[in-house]
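Protein chains in written order, with numbering that gives the first Met the number 0: chain A, 0 to 273; chain B, 0 to 258.
For the record, the hints were derived by calculation from the structure and aren't laboratory data. These numbers come from a predicted model, not from an experiment. Fair warning: there could be bad hints in the mix.
[Said to hold, decoys possible] Here are a few chain A residues that sit away from chain B, every Cβ distance over 10 Å (derived from the structure):
1. Gly61
2. Val77
3. His112
4. Gln115
5. Tyr116
6. Arg118
7. Thr120
8. Arg139
9. Phe142
10. Asp183
11. Lys211
12. Thr258
13. Ser262
14. Thr271
[As the list claims (entries may be wrong)] Partial chain B-side listing against chain A, Cβ under 10 Å, derived:
15. Glu76
16. Phe83
17. Glu127
18. Ile143
[To be verified] Which residues of chain B face chain A? A partial, calculated answer using Cβ under 10 Å:
19. Tyr53
20. Leu70
21. Ser79
22. Gln110
23. Ser227
24. Arg236
25. Thr238
26. Ile242
For every residue, glycine included, the Cβ atom is placed at its ideal position computed from N, Cα and C.
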Amino acid sequence: MERSPVVFDQNFSGAAGDFAALLRHKRLLPVPLIGAIPQPPSTQTTWQPTESTTILAFKFSGGVLVAGDRRATAGNTVVYDRADKVLEIDRHSIMAIAGVPATAWEMARVLEHSFQYFRRTQLQEMSVDGKVRALSKLLRDNFGFVMQGVGIVVPIFATYDSQVKPEARLYFYDAMGAQFEATDFAATGSGSPAVRGILYYENNWGPKPLHKLNEQEAVSIALRALDTAAESDTATAGVDRTGKIYPLIKIVSRHGITTLPQSKIAGVFKETVA
Amino acid sequence: MIEEPYRWVEAIANRREYIEAQLAPGSPIVAIGYRDGILFLTIGKARQKIFEIYDRIAMGAIGHPGDIERLRMAAIELASTEGFTRSAADVSLRRLVHYSLSPVMKSAFEQVYGAPYLARMLFAEVGESPEEDLFLRVEYDGEIATNGAVYGQVRHGFAVLSGTAHSRELMEEFLNAQHAPDATFDATVKSALDAWSIGQMASQAGDTTELPDRGAVLQHRQGQLANSGIEAAVLERDTTTAIRYRSLSDTVLRNLSNE
Numbered sequence: 000m001e002r003s004p005v006v007f008d009q010n011f012s013g014a015a016g017d018f019a020a021l022l023r024h025k026r027l028l029p030v031p032l033i034g035a036i037p038q039p040p041s042t043q044t045t046w047q048p049t050e051s052t053t054i055l056a057f058k059f060s061g062g063v064l065v066a067g068d069r070r071a072t073a074g075n076t077v078v079y080d081r082a083d084k085v086l087e088i089d090r091h092s093i094m095a096i097a098g099v100p101a102t103a104w105e106m107a108r109v110l111e112h113s114f115q116y117f118r119r120t121q122l123q124e125m126s127v128d129g130k131v132r133a134l135s136k137l138l139r140d141n142f143g144f145v146m147q148g149v150g151i152v153v154p155i156f157a158t159y160d161s162q163v164k165p166e167a168r169l170y171f172y173d174a175m176g177a178q179f180e181a182t183d184f185a186a187t188g189s190g191s192p193a194v195r196g197i198l199y200y201e202n203n204w205g206p207k208p209l210h211k212l213n214e215q216e217a218v219s220i221a222l223r224a225l226d227t228a229a230e231s232d233t234a235t236a237g238v239d240r241t242g243k244i245y246p247l248i249k250i251v252s253r254h255g256i257t258t259l260p261q262s263k264i265a266g267v268f269k270e271t272v273a
Numbered sequence: 000m001i002e003e004p005y006r007w008v009e010a011i012a013n014r015r016e017y018i019e020a021q022l023a024p025g026s027p028i029v030a031i032g033y034r035d036g037i038l039f040l041t042i043g044k045a046r047q048k049i050f051e052i053y054d055r056i057a058m059g060a061i062g063h064p065g066d067i068e069r070l071r072m073a074a075i076e077l078a079s080t081e082g083f084t085r086s087a088a089d090v091s092l093r094r095l096v097h098y099s100l101s102p103v104m105k106s107a108f109e110q111v112y113g114a115p116y117l118a119r120m121l122f123a124e125v126g127e128s129p130e131e132d133l134f135l136r137v138e139y140d141g142e143i144a145t146n147g148a149v150y151g152q153v154r155h156g157f158a159v160l161s162g163t164a165h166s167r168e169l170m171e172e173f174l175n176a177q178h179a180p181d182a183t184f185d186a187t188v189k190s191a192l193d194a195w196s197i198g199q200m201a202s203q204a205g206d207t208t209e210l211p212d213r214g215a216v217l218q219h220r221q222g223q224l225a226n227s228g229i230e231a232a233v234l235e236r237d238t239t240t241a242i243r244y245r246s247l248s249d250t251v252l253r254n255l256s257n258e
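Okay, chain A solo, but in the shape it has when bound:
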């Protein structure tokens, strides 16, 4: 039986404005490894992928604060101390990454272009739910690589949705692409257990809950949390006191994204953390 031609309409189907699909069609993005065979961990490890850790995000009075330490590691080796794990995707969305930077940066790039491509071709902004789902799909497509022991990425996605209340939206993901909406805070990466402990404690028994903090207080807690994570986790840098390298902090609010200047973070650090 003939199917209705509407089914094939490129401009109103699930495929409309799908930039990742376009890239795969042009062979500019690897096709997902489906049914990849899980490799048992080799005892004689010769190659370690570069990984990076700890990221956190929480809602405060001025929007969503997203912070990440700067260390990238491969096994026991520190590869880089100025890694950027908090990435701007569009005017109101931030993706923070824990895991393999090579995969994560590529995902961020695909995501950034996907949102623009959708708006330009379809002449409307992608909904927040659509954006959240887009990242989920990229993670799911990447899972074959994760099973092969390379390319694990566990991101946090923070955005501002002026259409819906509450306006600040915060999501974290697992490596398979499941998305979880966080009400107050989220943290992923190897140093996250410590960070979650601190944020949970602050939110429940601190002087005031996280969502009532002002910017200065929020930055202070983010710095303390990352520094605590670094205390026990070698893959997290926290604050490098001698090298004067501070975590990267961005805030997303109704007005867009602000990147806090290092001097400002240094000021808060000196006053309330050091």
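Given chain A, work out where chain B should sit, using these hints.
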């Protein structure tokens, strides 16, 4: 029919005549470079005619909506994949039009058994200074005109698109006298509205070679605005943001035009 060269030439001439007739009633589109960017403006009743292509590139088009849509999608696809695989700085309007769109439009036009693209397009890419702005007009047969003039002539900081060559020439004549690269936004909106009216009046009136007087232009504009909307967008010169395209609302522009 087209085994003989003469028949082919005849077929192409017929096709050209047909397309020109189809495009003739199209509402003109004006793109003017000014101090802070490039303004795209038209007045219309129905569908959108000004579009964002990439960070620094916008497009205006007249013709069949289906054909415009196919070309617009192609332009966005090409620009986006280039911007993704290399960088946004590698996306160039010159390469997009000269290497990709123009050859495709030329082949479609000359293959007389297939359908040509029924569209005339105007592209602009904003530069760091008005001298670096690029305007390209692409015809249904793949012909390209740069910065409001064909190659070898003086570059202008503006470009226009209209249904007829006659109307386009009058608009260019008007803007050539009016245009100042360091003009303000308000002044640019006014010249754009005047240029649009001149173009529209010329395509309706036929073969006048004189520019209409100021009173007639204003009167025509008032009449048109009574039952149509202003569609406009700017490509901002501001280098602090990557995405320079911003569409403008009809009400804001209407207030400006009343002053």
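Structure-based check of all given hints:
1. Gly61: 21 Å, holds
2. Val77: It holds; Val77 (chain A) is separated from chain B by about 29 Å at its closest Cβ, greater than 10 Å.
3. His112: 5 Å, violated
4. Gln115: 7 Å, violated
5. Tyr116: Contrary to the label, Tyr116 (chain A) does not stay out of reach of chain B, its closest Cβ about 5 Å off (not over 10 Å).
6. Arg118: 8 Å, violated
7. Thr120: With a cut-off of 10 Å, Thr120 (chain A) comes too close to chain B, as the shortest Cβ separation is near 5 Å.
8. Arg139: 20 Å, holds
9. Phe142: Given a closest Cβ separation of 22 Å, the condition holds.
10. Asp183: Since the minimum Cβ distance to chain B is about 31 Å, Asp183 (chain A) lies beyond 10 Å and the statement holds.
11. Lys211: 32 Å, holds
12. Thr258: The claim stands: Thr258 (chain A) keeps its Cβ more than 10 Å from every Cβ of chain B (closest is about 12 Å).
13. Ser262: Given a closest Cβ separation of 19 Å, the condition holds.
14. Thr271: Thr271 (chain A) clear of chain B: closest Cβ-Cβ about 31 Å, beyond 10 Å.
15. Glu76: Holds - the Cβ of Glu76 (chain B) comes within 10 Å of chain A, reaching about 6 Å at its closest.
16. Phe83: 5 Å, holds
17. Glu127: Hint violated; Glu127 (chain B) Cβ to chain A Cβ min 21 Å, cut 10 Å.
18. Ile143: With Cβ-Cβ at 22 Å, over 10 Å, it is violated.
19. Tyr53: OK, holds: Tyr53 (chain B) within 10 Å of chain A, min 8 Å.
20. Leu70: 12 Å, violated
21. Ser79: Hint holds; Ser79 (chain B) Cβ to chain A Cβ min 5 Å, cut 10 Å.
22. Gln110: 23 Å, violated
23. Ser227: 20 Å, violated
24. Arg236: 19 Å, violated
25. Thr238: 16 Å, violated
26. Ile242: 7 Å, holds
In summary, the structure is inconsistent with hints 3, 4, 5, 6, 7, 17, 18, 20, 22, 23, 24 and 25 from the numbered list given earlier, while agreeing with the others.
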